[in-house]
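**Q** Take a look at the letters that make up each chain.
4 protein chains.
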Amino acid sequence: MAGYGFMGAAHSQAWRVANAFFDLPRRPVMAAVAGRNAAAVAAAADKWGWGESVTDWRELIERDDIDLIDICTPGDSHVDIAIAALQAGKHVLCEKPLANSVAEAERMASAARAAAKRGVFAMVGFSYRRVPAIGLARRLVEQGRLGEIRQIRSVYLQDWLADAASPMTWRLDKSLAGSGALGDTGAHAIDLAQHLSGLDITAVSGIMRTFVTERPKLAERKGLTGIASDEIGTVTVDDAALFSAKFGDGPLGSFETTRMATGRRNSLRIELSGTDGALAFDFEDMNVLQFYDATAPADTQGFQRILATEPTHPWVGSWWPPGHGLGYEHAFTHQVVDLLTDIDAGRQPRPSFDEGLRVQRVLDAIERSSNTGSAWTPVE
Amino acid sequence: MAGYGFMGAAHSQAWRVANAFFDLPRRPVMAAVAGRNAAAVAAAADKWGWGESVTDWRELIERDDIDLIDICTPGDSHVDIAIAALQAGKHVLCEKPLANSVAEAERMASAARAAAKRGVFAMVGFSYRRVPAIGLARRLVEQGRLGEIRQIRSVYLQDWLADAASPMTWRLDKSLAGSGALGDTGAHAIDLAQHLSGLDITAVSGIMRTFVTERPKLAERKGLTGIASDEIGTVTVDDAALFSAKFGDGPLGSFETTRMATGRRNSLRIELSGTDGALAFDFEDMNVLQFYDATAPADTQGFQRILATEPTHPWVGSWWPPGHGLGYEHAFTHQVVDLLTDIDAGRQPRPSFDEGLRVQRVLDAIERSSNTGSAWTPVE
Amino acid sequence: MAGYGFMGAAHSQAWRVANAFFDLPRRPVMAAVAGRNAAAVAAAADKWGWGESVTDWRELIERDDIDLIDICTPGDSHVDIAIAALQAGKHVLCEKPLANSVAEAERMASAARAAAKRGVFAMVGFSYRRVPAIGLARRLVEQGRLGEIRQIRSVYLQDWLADAASPMTWRLDKSLAGSGALGDTGAHAIDLAQHLSGLDITAVSGIMRTFVTERPKLAERKGLTGIASDEIGTVTVDDAALFSAKFGDGPLGSFETTRMATGRRNSLRIELSGTDGALAFDFEDMNVLQFYDATAPADTQGFQRILATEPTHPWVGSWWPPGHGLGYEHAFTHQVVDLLTDIDAGRQPRPSFDEGLRVQRVLDAIERSSNTGSAWTPVE
Amino acid sequence: MAGYGFMGAAHSQAWRVANAFFDLPRRPVMAAVAGRNAAAVAAAADKWGWGESVTDWRELIERDDIDLIDICTPGDSHVDIAIAALQAGKHVLCEKPLANSVAEAERMASAARAAAKRGVFAMVGFSYRRVPAIGLARRLVEQGRLGEIRQIRSVYLQDWLADAASPMTWRLDKSLAGSGALGDTGAHAIDLAQHLSGLDITAVSGIMRTFVTERPKLAERKGLTGIASDEIGTVTVDDAALFSAKFGDGPLGSFETTRMATGRRNSLRIELSGTDGALAFDFEDMNVLQFYDATAPADTQGFQRILATEPTHPWVGSWWPPGHGLGYEHAFTHQVVDLLTDIDAGRQPRPSFDEGLRVQRVLDAIERSSNTGSAWTPVE
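Chains as they are written, first to last, in our numbering: chain A, 1146 to 1525; chain B, 1146 to 1525; chain C, 1146 to 1525; chain D, 1146 to 1525.
Since the hints were made in silico from the structure, they are not lab data. Be careful, since some hints might not be right.
The list cannot tell twin chains apart, which means a pair is met if one copy fits it or any two copies do.
[Claimed, not checked] Straight-line C-alpha distance at most 25 Å; calculated SDA-like pairs for lysine to any residue:
#1 Lys1367 x Asp1421
#2 Lys1235 x Thr1358
#3 Lys1362 x Thr1347
#4 Lys1192 x Ala1177
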C-alpha cells in the first residue's frame, strides 16, 4: 500500500477483515506500506499490521512477493505509481479520483487496458458503489423497477470548510489535489449517478466557487483538517461546484458538491426519478434505501424505508443479522472482496480505470464549462 | 353549542367550513352558543359567527330552531346537557371523554340508545378517528393487510406540564376533569386502539402518577394553560399513566399517556404489529401513515411513508391536491360531515355513546388497577 | 374574487375564516365571485359562501360595495383585471406568478405604484411566505442567526405529470400559463429564496426541459389534473427547470423545479447555509423548521427539529396549542390577515407587485438563459 | 474465546481491530477458541484468525499463555466457565445476560468480587453502552442537561419471530437461554436505562407472552434463525414482555421487548424525559442522538439530531471524519478497548458482574411479577 492517511486507515481495515467475513479465493497478506516520512510510516505499519514499511513506493513494485499495489496517496502521484505497478505485473487498486488531469487518467487507463490483456487488473476506488443500500439500488434499476429514468439529483454536502479559520491541507492545493470539492466529493456523485443509472454523462454546464480564498496554513494534520499555524495560505481549489448534466438523450441531472454546507457532515444524497419508480439515498443514513414504486396501488404508494441489512441484500449476508447496521469502512471491505474475486476469475474488476477516466473527463468538462460562463460542454 | 374554550373554537371552525368543501345533506346554521360568562360568550359568538349567545345551555334545548347540540364544556357537565338534549329530541355531538365517571356515561349511553329509536342520534367526539391517515389505517386493517394483530403500542406524549411552574387549569382538577392525562389524552389512545383494531380492551394493568402535586393557581387562561397567580393549588389528577391491555384472546397492548414528555408537544403515536403487516402513526406528522407489508418481496420490504393526501384517501378528495397537508382542525370538520350524513341517513353515527362508554369503562378499570397495585382488572 | 379553481377554494377559505381566529381591522364580506361559466360560478358562489356570482370580472370592478379584488384566474388575465381594479380604486390580491410576461408584470407594478400613492394597495400571493415555519425562518435570518449566507439550495418537487397518460390542463398551455414548472412552482422557490435571504437574484444560468411533449387533451377537470379525452394535445411548457443563481456578490443558489419527481407530491424544500448556521424546510413536513446553530458547543451541534406550532411563532398564537399542526390553506388565511392589517395601516403589503415583478424578471432570465445554452444571464 | 456463534464473530472482530485504531496498553493476541464441534470450531478459528481451536473450554483455562477468557456461549454455560476462569486468575469478558438465573449470577458476581481483590477482573458485555451516541447520552445526563429525570421509555423491537414458520433455535429453549425476548433484548434495555439514568430499578410490574407456542425444529442454523425441519418443537420462552418499572422514588419507566414487532428489525429505542431536557435514541439509526434542551429559548426549541460522529464524542476520534458512521460491531471494539485499559489500570471495568447481577434480578422480578398477575414486585 502506498500512502497512510485517512484513506490508508480505511484500506488497511479492509485488507485486515475481509477474510474473516467473506470467502476469498486467496487470503490477503499485508506485506508492506510505503510513505515518505520513515518514522511516521513505520508507526502506521506497526499500528495497522503491515509486515514492513518503506519510504519509496518503488520498493513495493520491485518486490516479488507483492501481487497488488493499493494506492492511497494524494492524486498527483497516482499516475506514476499505477503505471509502474501495472507494468511490473501487479494488480492495482487506486483511490479516486483516478488522477489530477484527463491526460494523466488517459495514460493510466491505457496502461490498465494493456495490463488487462496480460491478466493484470486495475480498479479505481469509488467505494460508495459498495455500500449495501447502493448495491441494492443498482439491482432495482437493473430489474427495471424505475422504468425509464428521467431525472437524477445529487448533492454531496460537507461542512468541514465552513469555518473560515479552518486551515489549509493538501486537499486545498490544486497542484496536489487537482480540484477541491469537485474532484473529491463531486467525483463520487458523478460515479454514483453513472453507476446507478447505467448511463454516461455526455455534457455539462457548471460553476465552481471558492468562498474562502485565504486560510491559515496547516501546523499539524488531524483527520481531514488539523491545527492552524500563523502563516496564511491561498486556497487554489473550489469550495463548491454546481452543475447540470445531460445523459445523452436520457435523464437530466442536477448536482451540487460543497464543503460549506453548514451542519451537513457527509451527506451524499442521490435521487433517481423514473417513469415507474424512484430511489433516494443519503449517506448520513447509509443503511437505508428509499424506494418508491409508482406501479403500486394508489392507496399505499409512498417511499419505502428499506433497511439494507437483509441477508438477501448485496454483501450483507456475510455480516450481522437484520437491523444491525454497517459503517463507513465496510464498503472498503466489499471493494477488496470483489477485487480479489474478480482477479481470481480473470475478470475486469469494476469500476475500471476506463470508468475512472470517464469521471475524470466529466470533471474536466465541468471545469471548462465553469471557465466559459457555464456554457454546455461536451464530455471529451 | 355549549362551551367556548379551545374545543369550542375547533368545533366552530368545523361547522363554519364543512359545507364549503363537502356535499352535506343539510347546511348547518350556527344558531347559538351557550356559556356562563355573558360578556365572554357574546364575544365568542361574535368572533366565531354564532347567531346568538346565551348564558344557560338550557335555553338552547328549549329552542325549536335548534336540531343539534354540540357539547364542548368540561366533562362534569356532559351528562346533564346530553341527556336533556336527547330527551328534547335534539341530536348531540359530545366532546370526549364522554363523562367523568362510568355511572354518568352509562346514563348517557342509555339515553342515547333510547333516543336512537326515535331517530335522534348521539356521537362522541373522538376526532382523531377522522384524521385521513387514521382513516386509511382503519381501511387497511379492514382489508386484512395486517393479518392477525398481535401487538398494539401507543404513547400519547405531551409536555405542557413538564414545567413545574406551569399553573393549574380545570384540566388538573379531578372534580371537573374526572382524570388527568388518562382521561384526556389516554382516552384518545384507547379509542384509537379499539377503533383501528376493531377489538375491545377486556382487561388492564396500569399505574397512574402525579409528578408535580402543587402548582400555582391560574390567574388568566391562555390556550391549554395560562398565567400563574400567587396562590398554590393542589393537582388532583394524574400527570401520566402507563397501562398494559388485553384485547380478549387477541393482541397485547402497551400504552403510555403523559403531559411530562419533555420536548413532545402532541405526539399521539400508535403502532399495530400483525402477522402480515404493520402500521405506525404519529400525530406530530399527521399527514403521514407508515405501512409495512410483510408479504412483499424480501428485498424491498420496509415501512412505507404514505402521504395521506391522495384523493382516494378518506375525506381528502374534498380538499387540496396531493402533498398539500391538512391540519389539526380538519378532523373536526370530517366529524361534522359524517355526523350530518349519518343523521340524514337515519344511521347511528360512530363513535356512538356506547363506544364512549366503552372507553370510560377502560379508563375506570385502569384507575382501579392503579389503586390495587396494578393488578389485572377486567373492563366492566 | 375572480376565478374559482383550486386557488379560488383556498382564497375563499381564507376570507371565510380569518376573522374567527385573528383580530382584523375590518371584517371581510364575501361579496361576489366572477367566472365565465354562469352555472359553474353560481355553484361555486353558493358552495363557498359568496353573496353573488357574475360572469364578467368587470362587474366586480364597477360595484361600489367592493373594496378589494382577489384574482385567482390563470395568469393570462392577471394584467387586465389587476390594472382595472387598481385604477378603480380597489385593493388587489393577485395570485402568483404576477403575470405571463415581464412586460405585463411591469405594467401591473407601475399601476400598483401609482395606486399606492392614493392609498390603494396591491399584493401578490406568494402564500408560502406565510407558513409559520417560513415566518420563523425569516425571523432567524433577520436576527443574524445564520451569519453570512453562502449557499441556498431549493428544489420544488412534484410528480403529477410523471404519468405520461395524465392529460393536458391550462397549466400546460404556454399561452395561458406563461410557463410550466418554472413559472408555477419555480416562482415560489425564487420568491422564497429572495424573501428568506433578504437578497435579490442578479444572474441565472438555467435549462428547461419538457419530458413528455404530447398528452391527451382534458375531458373533465379534477383537482390539478382530470380525465383524459381521446384527442392529443401538445405540451408547450416545461416539465422541469434547473438553474443556478447569483445573489450579487453574495450566495450561490441551486434550484430545481419539476413535475416529474416520481413519489414527491409537493415537496418544496429550501436550505440556507451560512457562516453561523443553517436552515432547512420541506413543505411535505410543513410544520417543521430545521435549524442548525454552528455557534453551539461542538458536542451537541445538530439540526434542530423545531415544531413551528408555538404561540411565539408567527401567526401560530391565534390557532391551536403546541403540537397541533396547521395545513396548506392556513398560509392563505395569514395572507389575508396581513393584507387587511396593512391596508388599514396605510402600509404597502408584502410581497408587493414590485416583488412579483422581480420574480417575473428572474423567470424571464432563466428562460432566456435556457434558450442560449445556459449562458449566465443578468436579471433585467 | 469460548463459543463461535454470531456473538463469537462480533467479539473476534473486536479483538482483531482494536489495536489498529486505539492506543492499547497491551496488544491482544488471539490465542485460541473453544467449541464442542471440532470441525466447526477449527473452521471458525481459521476464518477469524484465532491461533488454535479446542473442543473443551477447560483447555483454555489451563493454558498459561491465556490471560483473558471471552465467553460467547449460550447462557447456561456462563456460570461454569466464568467462575473457573476467574479462579484460575484469568480476566473474563462474559456476554449478556450474565446467567440464566439469579442464583447463577450471584455465584458469578461473588467470584468476580473475590477475583477483583487479586487484580483479576470481570466484565459483562452490554455492548450498547459503547455505541458513541449512547456514550454521549450518558455524558449529557452526567452533565445535568436533563435536570431531574421523570420518565424513561424504552422499546426493543425485533421481528425475527413474527413468521410463525420460523424455526426453533437455542434462543427459544428456556433450559439454554433462560428466557426469551426478556433476557435477550430486554436485558439490554434494562441495562441501558439504568446506565443512562445512573439509577437502579427497584420494583417492576410485568407481563410476558408467547404468541407462537409451537414451531418447526431447526434443521440448520443460519444467523439468528435457520432452516426448518419437519419436526415440531415447543417454545418455552416469551416472545414479548411488557413491564413498568420504578427507579426508587425517581423516574417511572415503561418497557417493551418483543420479537414480533413486524417490520422492526433491531429497533432498540430509549427516551429519557427530564425537567430540563430529553434524550432519544433508536439503534436502527445508531449514529444519531436526539437531544432536547428545555432551557433553550422558546422560539428555537426542538429535538436536535446530533450525528454522533464528532471527534469529541466518545470513542469516535479514533475512527473516521465527521459524518462517516460506525456500525454494529464497533461497540464491541470499544468494549475491548475499555476492558484492556481498565485491566491495565487495575480498575474495575464496567459493567461489572455486579451490574450484570443487578439486571438479572430485574429480569427475575419481571418473571415473578408476570407469574403473579403483574403485581408490583421488588427487585431482589
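**Q** Does each hint hold? Answer for all of them.
**A** Against the structure, the hints:
1. Lys1367 x Asp1421: Close across copies (23 Å), not inside one copy (46 Å); limit 25 Å.
2. Lys1235 x Thr1358: neither (41 Å within a copy, 53 Å between copies)
3. Lys1362 x Thr1347: For Lys1362 and Thr1347, the Cα distance exceeds 25 Å both inside one copy (38 Å) and across copies (34 Å).
4. Lys1192 x Ala1177: both (12 Å within a copy, 22 Å between copies)
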